[in-house]
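Student: Here is what each chain is made of, one letter per residue.
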Amino acid sequence: MLRLEQRQQSSKTMLYLTPVLAVVSTMVVGGALFLAMGINPFDAIYLLFIDPFIDSYNLSQLFVKASPLILIAMGLSIGFKAGVWNIGAEGQFVIGALSGGAVGLALWGSTGWWILPLMAVAAAIGGALWALIPAVLKIRFNANEILVSLMLVYVAENLLAQMVQGVLRNPEGMGFPESRNLARNDPTSLPDFFDPLGIDAGGVVMLLLLAGAFFLLQKHALGFQIKLTGESPRAARFAGVKPGIIIAVTLGISGAAAGLAGLFELTGAAGKLTIDFPVGYGFTAIIVAFLGRLNPIGILLAGVVLAGTYIGGENAQFLLKLPAAAVTVFQGMMLFFLLGFEILINYRVIRVRRAA
Amino acid sequence: MSTLLEINGLSKSYPGVKANDDISFAIQEGEIHALLGENGAGKSTLVKMIYGLVKPDEGTMVLNGAAYTPAKPHAARASGVSMVFQHFSLFEALTVAENITLGMDDAPNRKELSAKIRSVSQDYGLPLDPDRLIGDMSVGERQRVEIIRCLLQNPRLLIMDEPTSVLTPQEVDTLFGTLRKLSADGVAILYISHKLDEILALCDHATILRMGKVVDTCTPKEETAKSLAEMMIGGELEIHAQTEFNPGADALVVKGLTLMSDDAFGTSLKNVNFTLRKGEVLGIGGVAGNGQDEILAVLSGEEKVEAEMVRLNGEAVGQMGPNERRVKGLLSAPEERLGHAAAPAMSLSKNAFLTGRIRKKLAPGGVMKSRRTNRFAREIIEKFDVRTPGIHVAAKALSGGNLQKFVIGREVLQSPQVLVVNQPTWGVDAAAAASIRQALRQLAADGAAVIVISQDLDELMEMSDTFAVLSEGRLSKQQPSEGLTIEEIGLMMGGDLEGTHHAEA
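Each protein sequence line maps, in turn, to chains R and A. Heads up, the first sequence stops at 356 in the numbering used here, and the numbers go up one at a time, no gaps. Heads up, the second sequence stops at 1505 in the numbering used here, and the numbers go up one at a time, no gaps.
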């Protein structure tokens, strides 16, 4: 029988090395999987992990995919630090796009620089309010925020389906269940700043917010309270932290960030609201947050790596006839290895002989 | 008598510290051998090596003439070495017999085990009902369970880590009777304690550790408490003289305090009354688990009660949270150092911020002032002689005594008007305990009001101006400490309210 025993001291170096180890192990095991499927593993790994970072077209796509992941993961990581597990970022992403998009569609035909910022504010508020539902239920009734936030993803997706068939449907769209294209309308489209790199206004806002998150966690008393709550809830109460406020604030922040990401996706890459609008960024961001060790800089790097697997996955689907699910398997594998290695850092496996 | 365990040159290093350095001594069969030393002297590391929890870097052990290298506690137990820890590992919702079964490597069936528990516990004067729930038992009874659990394995060597810190004086007497009987039956006992009078009364030999080394050995019966303490700390022990007691105005008035505990194994507070005046030290005695944690939580603001129940300088503060009370000068230091008074994985600097933020203005407007915070942390470390490489060390890396000095120092240096401390010297060595008591006394002499909640009666008698006992959530009448005898108090603690029958008139 095997048993886990807590280590007296866990290695700091290994702590930072685990994300790298997890990526490498994913390549090895994933490669074996491809081999079993009759696909050349070297080609597949090259397409998934190397090509996205060297090919110039792919490179411009990289940041477009990475920035919503990073933005959402940044928000989630703040909650995770406090031990508040928001699993429903996908739903907040959808509600953000719906709220911001609704404002943009309501103002259709108007012009002005203020329209897009107004939409962004609406998106952040929408996402935050959606995330506050599990917060209120947790504070009031001690309901598990993991379940509630996850369930609300499906509610949000159904709401989206209703909206694109109803009030938000494009009046000139010949009845298709989709909204007008906000990206093709100047006042509501996301401006590009550094075109060849794919950094748009959303990316810039993301980087600023990332810096803000860094400041919050490192330098601000609220960030201290958030970390203290996660590390030692009883000490946090003794330090005067009100647990309800931390739950509401962290869920609110992560919801707002996911909502903003939803709006940037809508006004940039996606353009219009359809039932296919959510593509799983909200879930992948959970992997990004952990792969980045809940640290703003780590999240930036992890976001780029996972965005790479999205792009590489599309190319591999096209070139190698790789099934679409393979990318999801890859991302899942990465989280699995990451968490697995993490356990081995903090615990050691010992063999226990059963007493006769 | 022949040698049971011989320890030759054991050494163990952790990063940055040599916890044990070339330790050698021997334990004879059937002797009660004291292991004495300040906190951080290396006692825990040493017994962990003997019990197979930690592997020595160097050195050997010989048990009964054969090489002894326990890889884990299971091997140690198989060789006849058992240990009773300071903190128990019992499940409150299970019975005595069930708990004992869980800890056994090869448990007999329940009926056989129950009979065995009864007979062993009778033999050694520790009566125990195998079918009782742990949750319903006092701390002293729980310790019996741990001891019986060890005795069922027929140990040759029993290690006891600070066994009396949780017991009433009467329970201590019972325990000593048991230990003497075990010793007479040939079981050797390695007895770890800070309480010098216990070692004098009980032990045949003593090995004294200081900074990881054996510095002395002696026969306690030929020593005095003072000489033992001097060996332990390597200097003359300063005994503080009681200062004159001239109380000022009322600082903290608690009236009709009642609190229902929402924890199934917690204690509800029932109509607690006391008045604390400026310059006064109130000692609250009693065995742990009789409402101490609850009283602290009510005074710190973690637990809210009706506003009028707690008055600070005349103002009703029962509804205020911890930080609002800190603004008004009511500070506290809980018993549990790691996870309550301090966050284990956070640095000392961050832990200084944890309660110092308000009064020391460490984050005006929300932004943390790291230089000011670091300066405060360093001030605590210097003024309270906290032994640590620096302010960036995690709280959990400090020995219990050093962390306690840090926690007390953190509150004292914020110049409180009222300070409430729970078990301020629990697990702290004599020198550190003396300096903590001195600091609290000084605080009162400077005009603050202090409440010391403790199980150590000698400490309370030494420090307090007035005294009360907490028993099952009720507080006895608050009376002047002078003239009370240890025996009277001990009886009050055991729940005999005779000494206090006029308390709730």
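Calculated from the structure, these hints are not laboratory results. Be aware that one or more of the hints could be misleading.
[To be verified] For lysine-lysine, the following DSS-like pairs were computed, each having C-alpha atoms within a straight-line distance of at most 27 Å: (1) A:Lys1018 / R:Lys12; (2) A:Lys1055 / R:Lys12; (3) A:Lys1195 / A:Lys1048; (4) A:Lys1328 / A:Lys1195; (5) A:Lys1304 / R:Lys242; (6) A:Lys1255 / A:Lys1226; (7) R:Lys12 / A:Lys1270; (8) A:Lys1072 / A:Lys1048; (9) A:Lys1361 / R:Lys242; (10) R:Lys242 / A:Lys1221; (11) A:Lys1055 / A:Lys1226.
[What the hints assert, rightly or not] A few chain A positions that, by computed beta-carbon distances, are all more than 12 Å from chain R: (12) Glu1112; (13) Arg1156; (14) Lys1195; (15) Leu1296; (16) Gly1473.
None of these values were measured; they are calculated from a predicted model. Backbone N, C-alpha and C fix where the C-beta goes; we use that ideal spot for every residue, glycine too.
Student: So, against the hints stated earlier in the document, which numbers end up violated here?
Tutor: 4, 6, 7, 10, 11, 15
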